[in-house]
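**Q** Read off the chains here:
2 protein chains.
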Amino acid sequence: MTTTVDEHAAYIAALLAPALTPRSESVPLADALGRVTARAIVSPVDLPLFRNSQMDGFAVRAADLATLPVSLPIAGEVSARPTDPPPLVAGTAVRIMTGAVVPDEADAVVPVEDTTTSTTSDGETVTINRGRVAGDCVRAKGSDLRAGDELLPAELRLASRHLAVLAAAGLDVVDVRQRVRVAIVTTGSELIEPGATPTLGQVFDSNGTALAAAARAAGAVVASRTHVADDTAALLAAMRVALAETSADLILTSGGISMGDYEVVREALEPLGAIVTTIAMQPGGPQATAVFEGTPVVCFPGNPVSTQLSFEIFVAPLLRATAGMPPAVRAPRTLTTPVRSVAGKRQFLRGRALAGGRVELVSGASSHLVAGLAASDLLVDVPLETESLEAGATVQTWEL
Amino acid sequence: MTTTVDEHAAYIAALLAPALTPRSESVPLADALGRVTARAIVSPVDLPLFRNSQMDGFAVRAADLATLPVSLPIAGEVSARPTDPPPLVAGTAVRIMTGAVVPDEADAVVPVEDTTTSTTSDGETVTINRGRVAGDCVRAKGSDLRAGDELLPAELRLASRHLAVLAAAGLDVVDVRQRVRVAIVTTGSELIEPGATPTLGQVFDSNGTALAAAARAAGAVVASRTHVADDTAALLAAMRVALAETSADLILTSGGISMGDYEVVREALEPLGAIVTTIAMQPGGPQATAVFEGTPVVCFPGNPVSTQLSFEIFVAPLLRATAGMPPAVRAPRTLTTPVRSVAGKRQFLRGRALAGGRVELVSGASSHLVAGLAASDLLVDVPLETESLEAGATVQTWEL
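Heads up: the protein sequence lines correspond to chains D and A, in order. Numbered per our numbering, the first sequence finishes at 400, counting up by one with no gaps. Numbered per our numbering, the second sequence finishes at 800, counting up by one with no gaps.
Hint data in this document are derived by calculation from the structure and do not stem from the laboratory. Each residue gets a CB set at the ideal place from its N, CA and C atoms; glycine is no exception. Do not take every clue at face value.
What the hints assert, rightly or not - Far from chain D by the CB rule (all over 10 Å, computed), these chain A residues:
hint : residue
1    : 411
2    : 423
3    : 440
4    : 469
5    : 521
6    : 564
7    : 601
8    : 626
9    : 643
10   : 725
What the hints assert, rightly or not - Chain A regions said to be covered by chain D (calculated; three or more residues, Cβ under 8 Å):
hint : region
11   : 441-450
12   : 482-495
13   : 585-596
14   : 612-622
15   : 666-678
16   : 694-708
Start from the sequences, fold in the hints, and give me the full structure.
**A** Dropping the structure here:
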């Protein structure tokens, strides 16, 4: 059975939907950067909390400035230190600092630079040469936001300015969506960990590193990461441990799903109802899905480029959306080189963005070219039935 | 002394340059996502490490397929399990799995789907109907990358595909730039922590939350975060602790630098040579810088919007560049509403992006409007001498 990329993507979206259904948790503001609000947040308070001065200067009654210049006795001072000042006596001024409580009966603040002060035997007076209207240089209580107003909407990815307004409203925690917990199980008896010394036929595992980093980059948490040899019992045990010990929402596997003789994922999961299919795409033709003890499993082919592109095409968009991240950019670009492709397979070639909306191919089509993939920054999406494209043709590209 | 935004930005860039000079550290691949390579990395190995099969099929000598169809005795099997197979005997074929070592003397692989096999009393034979040229379906050693070739360039922000190629080359650690360590000291006797219960005149501190999150979002590490009352001894002690206990590269302060009576940062740092200046901008006019025990200090005004925008304008671009992040997008947009501004001050108003390259203003110009800032996604940059702009005018905008 051959399936198109879009059909398989839709199938995986449906399979993962329950696992990606937002659940919420409450986290301190200091841990909430980049998290996504689980619900709209309503302000518990007016912002500002109280009527305060916008400037260093003098709190006055605007009516007292009707005739200019005017000299008013300075009846006291309100600093930005917390205080509950007495009401302003008509015909006087009170020295006030930025952010300080504006006394009752005062309705305007005259900035210090518009005043001169002098001291006589009667005390200190301030002389004002310019009139003011009520409200001048006064920040009204609730003028930024009223208690009960929406502080932040639901499904907002929290940036510093959003956390700042939560703090300003006195909130020290915020309800955010839980991050999706991904368990990664790579397979292959030929694979060894980076840092080890290979014998002939051994290959350094890059799939565990790639899937873990790609899941994190898509806003998920790596709940566990395990490598197993081509041994069905070991694979099933690793998957059970991932679910029991780490509460993974989702399992990703790599390797063991093609038509060869030692296909550990297929052998372990087909008896449990896994669907192994061939997608009309290159690289990444063999793909599989399963449900293991109630948890969805997405199985990628083991060739490193196939694993990475499969994640990017089928899983990353779902994780990014759940994490409130914008979709990766897909945009048409102009090919600088001709492309050969295979009819009946949608090819994802590796490309590099050039100025002027152009794209050049990097490396070859083969699924072992990990350095080629690392050197690219775009996928070039060659449609299913296209066999060749000329230089100058327009192709769809996916940003990596 | 009045300074322009660009002059102050250049001054801070020079002040911070030593603190932002890249130093490197070696980190495991699992911790390296989003970090920046400290130097170009050369591959210690050929990729692939050995000549291997691109397909499940039969390793053959292409010369043995000169006359078709041809039946070859199957002389054995090479699985993907690590193995060092004997050389291929001329006139025979060897069953081979994807990724397995191609035996010496074999120069092509025939995919299994192009073959039929049969078993006779002499053993198993494979019949091949289509010719092959040397190299077909064989991944040559080093065909992706040669030992000594550049695996990754210097100053690259590491994505999953870059970590994957490091792993594939057997590297388990990578030299990256150290992250800049930022100490944050907020000041103000009127400020209380979110979650506390304010009395009249007290304000929830949003600057600590905002600066910590913004520093992280710009790729830095928050080495420490402290709040002090308007007390010069407490401020100096907090700064000393930040340097001694957390090895901060850089100190940020908020509050206490304007012309009022309780200006703790100015009072503490001016005697040590701090430069307090007025920038021709709104919000954020008062700004200061200092060097404290050899470490640069950037001092922002305490109004929440001023603090946040000052960081965004003067410090974030430097931290982002050090972290290998692209600069925040600055792009011209069309105003949907008229703007009033003050000649002699470059205004940074809050705006929201609309479709079609337009921008609407959000909230007012005042520096206490934290909810307004949270509701915006752009700064609207109104030039120094502009007093008004009509709807339809083009303005520069900065993405938040």
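**Q** Does each hint fit the structure? Answer for all of them.
**A** Status of each hint after checking the structure:
1. 411: For residue 411 of chain A, whose nearest Cβ neighbour in chain D is about 24 Å away, the distance exceeds 10 Å, so it holds.
2. 423: Label holds. Min Cβ-Cβ 23 Å, cutoff 10 Å.
3. 440: 13 Å, holds
4. 469: 23 Å, holds
5. 521: 24 Å, holds
6. 564: 4 Å, violated
7. 601: 3 Å, violated
8. 626: 13 Å, holds
9. 643: 21 Å, holds
10. 725: 14 Å, holds
11. 441-450: holds (count 5)
12. 482-495: That given contact holds, which follows from 3 residues of the region 482-495 of chain A lying within Cβ reach (below 8 Å) of chain D.
13. 585-596: Contact hint for the region 585-596 of chain A vs chain D: holds, 7 residues under 8 Å.
14. 612-622: holds (count 5)
15. 666-678: With 0 residues in contact (Cβ-Cβ under 8 Å with chain D), the coverage given for the region 666-678 of chain A is violated.
16. 694-708: Per the Cβ count (4), the hint holds.
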